[in-house]
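S.K.: Which chain is which? The protein sequence lines are A and B, in order.
Per the working numbering, the first sequence runs over residues 1 to 151.
Per the working numbering, the second sequence runs over residues 1 to 462.
Think of the hints as simulated: they come from the structure by calculation, not from any bench.
One or more of the hints may lead you astray.
[As the list claims (entries may be wrong)] Simulated restraints, written as ranges between beta carbons of each label pair:
(1) THR108/B <-> LEU28/A: 41 to 49 angstroms
(2) GLU46/A <-> ALA301/B: 28 to 36 angstroms
(3) GLY267/B <-> THR50/A: 40 to 48 angstroms
(4) ASP364/B <-> SER57/A: 23 to 31 angstroms
(5) LEU358/B <-> THR50/A: 43 to 51 angstroms
(6) GLY321/B <-> GLU46/A: 25 to 33 angstroms
(7) ARG373/B <-> GLU39/A: 16 to 24 angstroms
(8) PRO428/B <-> LYS31/A: 34 to 42 angstroms
(9) ILE21/A <-> GLY158/B: 33 to 41 angstroms
[To be verified] Every beta carbon over 12 angstroms from chain A, so not counted as near; a handful from chain B, in silico:
(10) PHE67
(11) SER82
(12) GLU83
(13) LYS88
(14) LEU110
(15) LEU113
(16) LEU124
(17) ASP131
(18) LEU231
(19) TRP304
(20) LEU317
(21) GLY381
(22) ALA403
(23) PHE423
Built from N, CA and C at the ideal position, the CB exists for glycine as well.
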Amino acid sequence: VTGPGWREAVAVVVAAAFAVIVSARTVLRVKPSSPGEEERYDRALERVRTEVPHGASVDVLVRGDPTDVRFGESAATAEDVVLWYRAQYVLAPSIVRPFPVTACDAPEPVLPGGARYLLAGDAQRSGTACGAGSKVLLRAGGLTLFEVEAR
Amino acid sequence: VKALLVLGLALPAWCGWHLSRWVFGPGAQGRFAGLGRVSVAFLVGVGLSSLTTFLWLVVGGALDPSFVVADSLLFACIGAGSELLNRKGSREPKSSVRMSDSARSQGTALDTLSASLLALGFALALWSLTDMSWEHLHGGWDAWAFLNQRARFLVRAGHGWKAAFGPDLAWSQVGYPLLLPLSVARAWTYVGETQAVPLVLGIAFTLSAAGVLVAGVATHAGCAAGSVAGLLLLGTPGFIVAGSYQYADVPLASLLVAALAALQSAGPARKPATIALGGALLGFAGWTKNEGILAGALAVATFWVLVARSAGIRAALRDLGWLAVGAAPSALVWLVFHVRIERSLMPGLPAGYVAPSLRDRILDPNRWAVAFREFSRLSPGMHIGVPCLAIGLAILLGVRSRALVVSIALWTGVGLWIGVAIFFALTPWPLEWHLRTAAERLALQPWPAILLGLFGSTRVDR
């Protein structure tokens, strides 16, 4: 690196070394061993997709308004939002609407503390009454979608 | 399936290839002109095909087998016509840019070293992109929740595709322009719905940004500077992550840097076709994300001022006309989209949320401080010092202040960075939430343009 192009050579080598280190860090990062939340939803929702009439209306039970970004103030949690958005993604072109619930005696099945799903329209739906500590199953179209611990 | 996917992508890219000669054609200097030309061909191909797909839908078509026949015939005819025109004796355009003697490589050893290390950088970036994409097959949040969701509506709903823009979906950024959803939907119509399509597109957009950057810098400052710029972009962690997450910010950054490379390569001769192609790429950027409109406006204003300063106002007005000719198709499609399909540009605020008034936001110094501080902190690679490294290497490569002052890429990139920071300061959404969820992505948009401006202004005197 003593010739006329030494500065270019140094610059190229430094930039390349930098790119190699960053790429190595990316490739060698610790990868999650279990599927993420979205993938868990996908499996259940994909099964439901076969049950939903093309373009039907679908409701997802959530706590509060999932469009409210003021987490902490809103009753909706990040989990509510992910489930609702993901349901829309998987079930498109059905229109998925949020169905806010706040209490166990709401007119629709209420499953506090976990993923909730409700099919509207022609599809069957059922849910058990909730109570602290009890297991709550939500079934739609004969499929068990989620099993959650009621709190 | 693979053959159809290749056909779907290759036919528009073939048309783009003929147009790309106006940026990195045979007259262009530099070893990496071919890399730049392939990248521009891909970008132009994707942009053109998204416009024709949208027009097909607007005139009453659906994305079904009849679309595949019509679409492939259209692009085969355009490509074949361009090929015939080229062969018929139209003179190959000579790039007006001539590399200065000092920028011309003095030894093949340095060129070979640069090309080899750049190839290594591309290979590692491809590995990283593939590895991360595999982990996020559906892309990141914005990709699956908004862009790919819309693509699913366009394909799955047939003639009812407008359901994607109904009031029930107002939360899902329905005002986003449609270049990406249309590109994904178009490819799905060819090969069926597979996650390979948005994944491949995300990777291709990321690598094409680097390809254009390398070629654009090399044309003006030599192979070594081009390689350094490309390696820094490929070594910016956020850029690779956003590319593998299929975020729209990377395609926007790619189209912007390609447009700026075209406008830079227009040079003193200011070839109308090159300027028009730059305008077309700016139009595609605006058709990708609404920030692209701001970027386009900044690029046009900078270009106009620089031309007016060097060649006079009359020449600048003429060039403005050629820019408008190139951008017109995308602008018209954008207008049709917003007039006939979806009027909103941004989603509405949550019910019950009262944003501070615009006056209060403007007059609150704390908001400005937080917005600029956080936007700076979240800028590309800031946490590992990439911007400092870029400046250091540019100085090592002999960056010239006079070249920086007249660099359209640098002014546009820096202007976009400041514009987006101002956007955050004035956002009606909760500031902290908006910065946390969007700032890191948006800060990537001007990054390749800034690198093009910085390294395109270098020259080592020997």
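S.K.: Taking the hints in turn, state whether each one holds.
M.R.: Status of the hints after comparison with the structure:
{"no.": "1", "hint": "THR108/B <-> LEU28/A: 41 to 49 angstroms", "verdict": "35 angstroms, violated"}
{"no.": "2", "hint": "GLU46/A <-> ALA301/B: 28 to 36 angstroms", "verdict": "49 angstroms, violated"}
{"no.": "3", "hint": "GLY267/B <-> THR50/A: 40 to 48 angstroms", "verdict": "59 angstroms, violated"}
{"no.": "4", "hint": "ASP364/B <-> SER57/A: 23 to 31 angstroms", "verdict": "42 angstroms, violated"}
{"no.": "5", "hint": "LEU358/B <-> THR50/A: 43 to 51 angstroms", "verdict": "49 angstroms, holds"}
{"no.": "6", "hint": "GLY321/B <-> GLU46/A: 25 to 33 angstroms", "verdict": "52 angstroms, violated"}
{"no.": "7", "hint": "ARG373/B <-> GLU39/A: 16 to 24 angstroms", "verdict": "36 angstroms, violated"}
{"no.": "8", "hint": "PRO428/B <-> LYS31/A: 34 to 42 angstroms", "verdict": "38 angstroms, holds"}
{"no.": "9", "hint": "ILE21/A <-> GLY158/B: 33 to 41 angstroms", "verdict": "49 angstroms, violated"}
{"no.": "10", "hint": "PHE67", "verdict": "17 angstroms, holds"}
{"no.": "11", "hint": "SER82", "verdict": "36 angstroms, holds"}
{"no.": "12", "hint": "GLU83", "verdict": "37 angstroms, holds"}
{"no.": "13", "hint": "LYS88", "verdict": "42 angstroms, holds"}
{"no.": "14", "hint": "LEU110", "verdict": "4 angstroms, violated"}
{"no.": "15", "hint": "LEU113", "verdict": "6 angstroms, violated"}
{"no.": "16", "hint": "LEU124", "verdict": "4 angstroms, violated"}
{"no.": "17", "hint": "ASP131", "verdict": "5 angstroms, violated"}
{"no.": "18", "hint": "LEU231", "verdict": "4 angstroms, violated"}
{"no.": "19", "hint": "TRP304", "verdict": "33 angstroms, holds"}
{"no.": "20", "hint": "LEU317", "verdict": "40 angstroms, holds"}
{"no.": "21", "hint": "GLY381", "verdict": "8 angstroms, violated"}
{"no.": "22", "hint": "ALA403", "verdict": "17 angstroms, holds"}
{"no.": "23", "hint": "PHE423", "verdict": "17 angstroms, holds"}
The structure shown violates the earlier hints numbered 1, 2, 3, 4, 6, 7, 9, 14, 15, 16, 17, 18 and 21.
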